[in-house]
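So you can see what is in the structure, the chains are spelled out below.
Protein chains: 2
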Amino acid sequence: MESLRARLREEKLDGYIITGTDPHQSEYVAPRWRTREFISGFTGSSGIVIITLTEAYLWTDSRYFIQASIELPSCYTLMRSGTEGTPDPWTWLYEYATEGMRFGVDSSTISIAHFSELSSSLKEKKAELVASDDFLSPIWKNRSDVPMTPCEEMEEEYAGKSAHEKLESIRNVLRKRNLRWTFIASLDDIAWITNLRADDIACTPVFVSYLFISLTKAVLFVDERRFDKDLLRIVRKDFSIKPYESAAESLSSLAKGPGYFNPDRVPEIFSSALSGKRNEKGADISVLMKACKNKKELEGMRLAHIYDASAYVSFLSRLDRSQIYDEITISERLENERKKIPGYLGPSFSAIAGFRENGAMCHYKAERGSEKKIDGHGLLVLDTGSQFRFGTTDITRTLFFGADEPTEEEKRDYTLVLKGHLALLSLRFPKGTKGFHIDAIAKQYLWKYGENFFHGTGHGVGCRLSVHEGPQRISPAVIDVPLMPGMVLSDEPGLYKENRYGIRIENLLAVKEDMKTEFGTFYSFETLTLVPYEKKLIEMELLTEEEVRIIDDYHKHVYEVLHELVDSDVLPWLQDATSPLHVNRIYS
Amino acid sequence: MESLRARLREEKLDGYIITGTDPHQSEYVAPRWRTREFISGFTGSSGIVIITLTEAYLWTDSRYFIQASIELPSCYTLMRSGTEGTPDPWTWLYEYATEGMRFGVDSSTISIAHFSELSSSLKEKKAELVASDDFLSPIWKNRSDVPMTPCEEMEEEYAGKSAHEKLESIRNVLRKRNLRWTFIASLDDIAWITNLRADDIACTPVFVSYLFISLTKAVLFVDERRFDKDLLRIVRKDFSIKPYESAAESLSSLAKGPGYFNPDRVPEIFSSALSGKRNEKGADISVLMKACKNKKELEGMRLAHIYDASAYVSFLSRLDRSQIYDEITISERLENERKKIPGYLGPSFSAIAGFRENGAMCHYKAERGSEKKIDGHGLLVLDTGSQFRFGTTDITRTLFFGADEPTEEEKRDYTLVLKGHLALLSLRFPKGTKGFHIDAIAKQYLWKYGENFFHGTGHGVGCRLSVHEGPQRISPAVIDVPLMPGMVLSDEPGLYKENRYGIRIENLLAVKEDMKTEFGTFYSFETLTLVPYEKKLIEMELLTEEEVRIIDDYHKHVYEVLHELVDSDVLPWLQDATSPLHVNRIYS
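Read top to bottom, the protein sequences are chains A and B. Reading the first sequence from the start, the letters are residues 1 to 588 in my numbering. Reading the second sequence from the start, the letters are residues 1 to 588 in my numbering.
Please note that a few of the clues may not be correct.
With a straight-line Cα cutoff of 25 Å, these simulated BS3-like cross-link-like pairs (lysine-lysine) come out [as the list claims (entries may be wrong)]: (1) A:431 with B:556; (2) B:448 with A:516; (3) B:161 with B:339; (4) B:516 with A:497; (5) A:12 with A:126; (6) A:123 with B:277; (7) A:497 with A:536; (8) B:295 with A:434; (9) A:431 with A:373; (10) A:125 with B:497; (11) B:497 with B:431; (12) A:277 with B:242; (13) A:448 with B:556; (14) B:448 with A:556; (15) B:176 with A:497; (16) A:277 with B:123; (17) A:411 with A:536; (18) A:535 with A:373; (19) B:373 with B:448; (20) B:295 with B:373; (21) B:277 with A:126; (22) B:411 with A:516.
If you want the ones that stay clear, here's a sample from chain B, every Cβ over 12 Å from chain A, calculated [unchecked claim]: (23) 34; (24) 73; (25) 84; (26) 131; (27) 165; (28) 167; (29) 223; (30) 341; (31) 343; (32) 423; (33) 476; (34) 497; (35) 516; (36) 524; (37) 539; (38) 575.
What the hints contain is simulated information worked out from the structure, not anything from laboratory work. Remember, it's a predicted structure, so these values are computed and weren't measured experimentally. No residue lacks a Cβ here, since even glycine has one placed at the ideal position from N, Cα and C.
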């Protein structure tokens, strides 16, 4: 910290901002860019650090308040984002700034849009935002290198389209809009366009790179040593390869004429190369192409879910619920079943297994040493996912443990969450519907009981790519993108009763064309996930006939797809878990 | 038309825009401002006219395509808004304009915001938008005067707050924001603030006026002859009164220092008087105060609905469905029952009674001579409303006529609309929920069957004011205003099967605080409307137990409230119409 402050004084700066992201604005970052953790010791996945000449501040959200207060050294002030009276870091900076002050930020880890916005705001106070170097490198001993895991091809049989075809689709858009080039910093878009995958970021099979595409050429800025000879030959058919580090310099000469880029993803370090007045800005052209999975990608996603489900039901059937597990061993048991599956590459995110009150923390991660024992009565929220060669999965099931019966409240709550989950997955909706229009469909039953959850109901999911992928989302936030056929989304309502228990039920769904009527085109969802719900937690009295039918049909389908894939010891459990719900009520 | 063109040539203009609204941007206008009708002969309630030196165009929406094609003289081109290939009038004008062209518009009938937007767009083409006089007056023989119906007081017992208190609330907002004045052109806001009502616009009890409010005074620009002596004395306690026509001139000297106005409601004619750089713009300060009804206003709305329902059920019980009515006589029969009720002032909008295929036109209005006979099997959509001294109602019921039974399709469709209607009125929702979050709640059941309707589910309603009142709305459009306690909204899903039949079911609801839980504050709706649904059209098989309970509870409440108010001949019908639905099903 003091060497950083010495550098600030040297550079005549009054403060330094550490955004904690990488030069691609990635959600998760490789160890090299865990700058927040290096400077503050805080290991959470989200937070902003601002160091002034005398003070140090870390902003993080409610998930991490406890963790941050333990991990941060005493010289830090913890800023609890979202709590009353706590300004966000940018408002805080605006208020802190006085005439003549100068603040630095590593220009490779802040987006062009964010830099420009923050800069204008500081200008109002006659202060300055300075696009600085990375001041941490000189003082960071044993810092990890830029990652350089080997690249491999996503076979066209799974990708559905060649890199060449994808380049041409992007060029067609450029031509239509009278643009000459586009520059892409977003790692999952680059992986999707190039049909290449690697292992640079844990659970997300991308490779650190930039991509420049003009009407006649494509330049991939990446370390060439990542490719074996054969792959290099293939990649060179469509791309010329230049060193990752040379991107900023090369871009100045490449980006001639009107072009296109996403100022929310491209870092400030490229801003002078991209400053042409006729350039247009917006979401990357590939974003919607990537979001709307093609036929082969959907086939891969389906296959991934079938394989994943066969591992999942094997795991469930082999659990002995009278035995005492803990939150970590239970995730490992599931992981071990998945490892047996052909094409399995690893988890798509760090597993969440939260028993009892731990399940009430949305993003809880059990740590070795403090993991909870699964001993006796309680609910376990198990949120996990897989990367396969051909697709990505993300599934949450809430399991009941205990020799006794679930309480009425547990059953009611599970059933209310399930009702919302089913209402969404069985929804038919008109073309043009956006995520914010239908978030309430999954929440309406909880609301009836004065209950609610405070995350969106669904996020987009990539195909052998990021488990969080935009632009589509189902949440109250106004994201102005309609749901379109081929988009894959999670359907994951939940309920979190602080210090008591959590519930979440998550399937992945694919948007599909459903019917055309005199009232227009309607879409619906294909359910990809194939794992039975926890019948013991279902309160039959709260279900309508239609809901019972939806559950029974789903379970029947799960059995039909899985029964020939699983080992024979799994079958009795599978049969029981997917048998019809018993309904024998007389209504009066 | 030719005298208008002569004037255009005289003023060196290439065209003239007729917005068809009044100097207050009212939705409905007094006869004096039916400029669209005067110039084109088209009598529909919505449309834009542009006259060039050689051509004439009228834009209107799908509701009026047939009517406009009949009414427009041959020199007009009908522009069908919303159909493929038809630009909206402003895009059309942009495309039509060439360098040096000048277009006039009466600066009293276009808002400051719209003038500015259109002006900038024409500037791009080096053309000019000219703030002109009203060119129609000199050529319009027997034009109606500015309306001058007598003003009367909305008694404080119904208004809930005195004009003085309302002025102080507005001044408090001005003080907090360091502003010195506000200027208001919106007629329903002026009526609400002053607690005055008149009869200037059919069905909407407002009076043509402007209102200036500073921290120390309030100036009402209105013809003083509207007030009798006693009322004048009362009004003068809080307002100085100046002539309506003097507003623009007076405002220049009144509007000193930073002030506030709504550029979407104040006409361009005031723009120079309001051009101060430190002025702030936005929705009128009174809009939210008016939208969130106070206790007395809610009491008045409740009373209006009880009285209105007693007339409505009398009308229904006295209908002899074997007799042949027509669309006009049936509205008159309802109106005649309403006229018997104390406090009834008249309809809150022009009644819609559409039988069979006419019901499939959302905004159908039966005209004497072409009204449809109600003869035999069919559905009647009856959308009507009342103004009372103490509140406003708006109700739609769909009635079945015919000696036979409704078809399965009619019953299914009615029941799907009803399910959506019930899902909304029984919804509980968290504080902060906005209308666009819950529009799908009322549409989800229709969507299941590939059906839909293309209007919002709900609009705001005033208290003895406009039957359409903002800002609250329940529709897919993103209106960034949360639903708040005291807001009154309609709940009116429908279904329109072209050339066959229409269905719409509408109650008014008031938002109320409902419960606080560990998950925050929840709101729900109080149902104001008290008229039974059409049981004969309900398909029991499609209802859940909960929906049956909601209907039975509602009907029971209707009976309890109304049975002591209606004449004894109405009682047997009321008892039958509100008796519980018969459910005797065995589910297996």
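Check each numbered hint from earlier against the structure, then list the numbers of those it violates in ascending order.
Structure breaks hints 1, 3, 8, 9, 10, 11, 12, 15, 19, 20, 32, 33, 34, 35, 36.
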